[in-house]
Amino acid sequence: MSALRQPDGRAGPTLERIVTRTFTPPQIPCDPDDRSNLLERMSALYGDFTDVSWLTDGPMVSYHDMVRTVVAELGPELVGVDLAITVDASPDCRHQSFPGPVLSHVLTGDPIMLGVSEQGVAGPFTALRIAHRYLRSGAATRALILIMEQSTLPPDDAAVRPVQDVVVALLLGAEGTIGLGVPTVMVTRTGAAAAMETDVDLLVAGTGLADLPAGVPVRWAEPGHPCAGVWLALADLLDSPPDGGHVLVADRDPVLPYRCAVTVTLPAQRPETPWQPAGVVAPPALRHRPQKVRELVR
1 MSALRQPDGR AGPTLERIVT RTFTPPQIPC DPDDRSNLLE RMSALYGDFT
51 DVSWLTDGPM VSYHDMVRTV VAELGPELVG VDLAITVDAS PDCRHQSFPG
101 PVLSHVLTGD PIMLGVSEQG VAGPFTALRI AHRYLRSGAA TRALILIMEQ
151 STLPPDDAAV RPVQDVVVAL LLGAEGTIGL GVPTVMVTRT GAAAAMETDV
201 DLLVAGTGLA DLPAGVPVRW AEPGHPCAGV WLALADLLDS PPDGGHVLVA
251 DRDPVLPYRC AVTVTLPAQR PETPWQPAGV VAPPALRHRP QKVRELVR
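Residue 100 in full-length UniProt numbering sits at position 100 of the sequence shown; the count goes up by one each step and never skips.
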């Protein structure tokens, strides 16, 4: 299916694939030096810790691990990706380098590499805005967005702490069947909520949303995800998608003054073609000939 057309006639990007991965025990082996380096760095920020169970019992799944796992899983599907964007909402548990250079190294070619960090729920929407503009303008042809959360973090007063180690991969291009609208990231410092799109068939909502449009079915994201919640919910929805329609993916950050949304357009399911044995060609349909009414002669 070709890309959907925007009002100016240019083809907009489509969602070719969405992949999620949750890292559960047994975890990826961790170098002991990574734990000691993380403790040293966090102690410099928070002071000395009396309880380091968050570190000793933490899974220590780094963004590096997530990048390599996704690339290994998608493999040939990443051919032609010339724009890659990493998104995270909290520091990595391995700080020697950023995940972007790792991703750039394992991808083929010489992709444009960008990163969006610690922007809360707005991070993935910002990455989508960047990718949408690059693909629509022709500056890139395919984009990979990695939304990552890791849970090995010291205790703090963060409004939302990641409860799992997860990654969501969004693969964008021209050959998908799911259309992507232009994402919006609105600043709401005054507390006034902008009107939400109501001409949709379903709302995938983050836990920070309120004042939802009446009459629109809602699929809620799970709590405990500072940036990946609605994208995990969208991936779950697309495992058994509705038959066509417009889905609004929306969230609001509990701390930062951001309210975000994007509309995805699902394709209508095609009716199944009746099965026929191989080599059998169905005869052409007979042309209907209207019957003339004949009068009986008395």
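Incorrect hints may appear among the rest.
[Stated by the list, open to error] Across the chosen pairs, the derived CB separations fall in these ranges:
| # | residue 1 | residue 2 | range |
| --- | --- | --- | --- |
| 1 | Pro32 | Pro257 | 36 to 42 Å |
| 2 | Thr56 | Asp243 | 34 to 40 Å |
| 3 | Pro76 | Asp51 | 42 to 48 Å |
| 4 | Leu74 | Arg133 | 30 to 36 Å |
| 5 | Val255 | Phe49 | 20 to 26 Å |
| 6 | Thr188 | Pro32 | 43 to 49 Å |
| 7 | Thr184 | Leu238 | 17 to 23 Å |
| 8 | Pro101 | Arg219 | 33 to 39 Å |
| 9 | Ala44 | Val163 | 47 to 53 Å |
| 10 | Ala44 | Gly138 | 44 to 50 Å |
Worth flagging that the hints you see were computed from the coordinates, not collected in a lab. Please read all numbers here as calculations on a predicted model, not as lab measurements. Yeah, the Cβ is synthetic: ideal placement off N, Cα and C, and Gly gets one too.
CB-CB spacing for aspartate 243 and threonine 56 relative to the 34 to 40 Å hint | Hint violated: Cβ distance 50 Å, outside 34 to 40 Å.
Alanine 44 paired with valine 163, Cβ distance criterion 47 to 53 Å = This hint is violated: roughly 26 Å between Cβ atoms.
Outcome for the supplied range 36 to 42 Å, where the beta carbon pair is proline 32 and proline 257 = Holds: the Cβ-Cβ distance is about 41 Å, inside 36 to 42 Å.
Take a look at whether the Cβ-Cβ distance between proline 101 and arginine 219 falls inside 33 to 39 Å.
-> Since proline 101 and arginine 219 have Cβ atoms about 36 Å apart, the given range 33 to 39 Å holds.
Distance restraint evaluation - valine 255, phenylalanine 49, Cβ atoms, bounds 20 to 26 Å = Given range 20 to 26 Å: holds, Cβ gap about 24 Å.
May I ask you to test the hint 17 to 23 Å on the CB atoms belonging to threonine 184 and leucine 238?
-> Between threonine 184 and leucine 238, where Cβ atoms are some 21 Å apart, the hint holds.
CB-CB spacing for proline 32 and threonine 188 relative to the 43 to 49 Å hint | At 45 Å between Cβs, range holds.
Do alanine 44 and glycine 138 keep their Cβ atoms within the hinted range of 44 to 50 Å?
-> holds (45 Å)
Distance restraint hint 42 to 48 Å, applied to the beta-carbon atoms of proline 76 and aspartate 51 | holds (46 Å)
With 30 to 36 Å as the target window, see if leucine 74 and arginine 133 comply at their CB atoms.
-> 23 Å Cβ-Cβ, so the 30 to 36 Å window is violated.
Of the numbered hints given earlier, the model fails hints 2, 4 and 9; all others are met.
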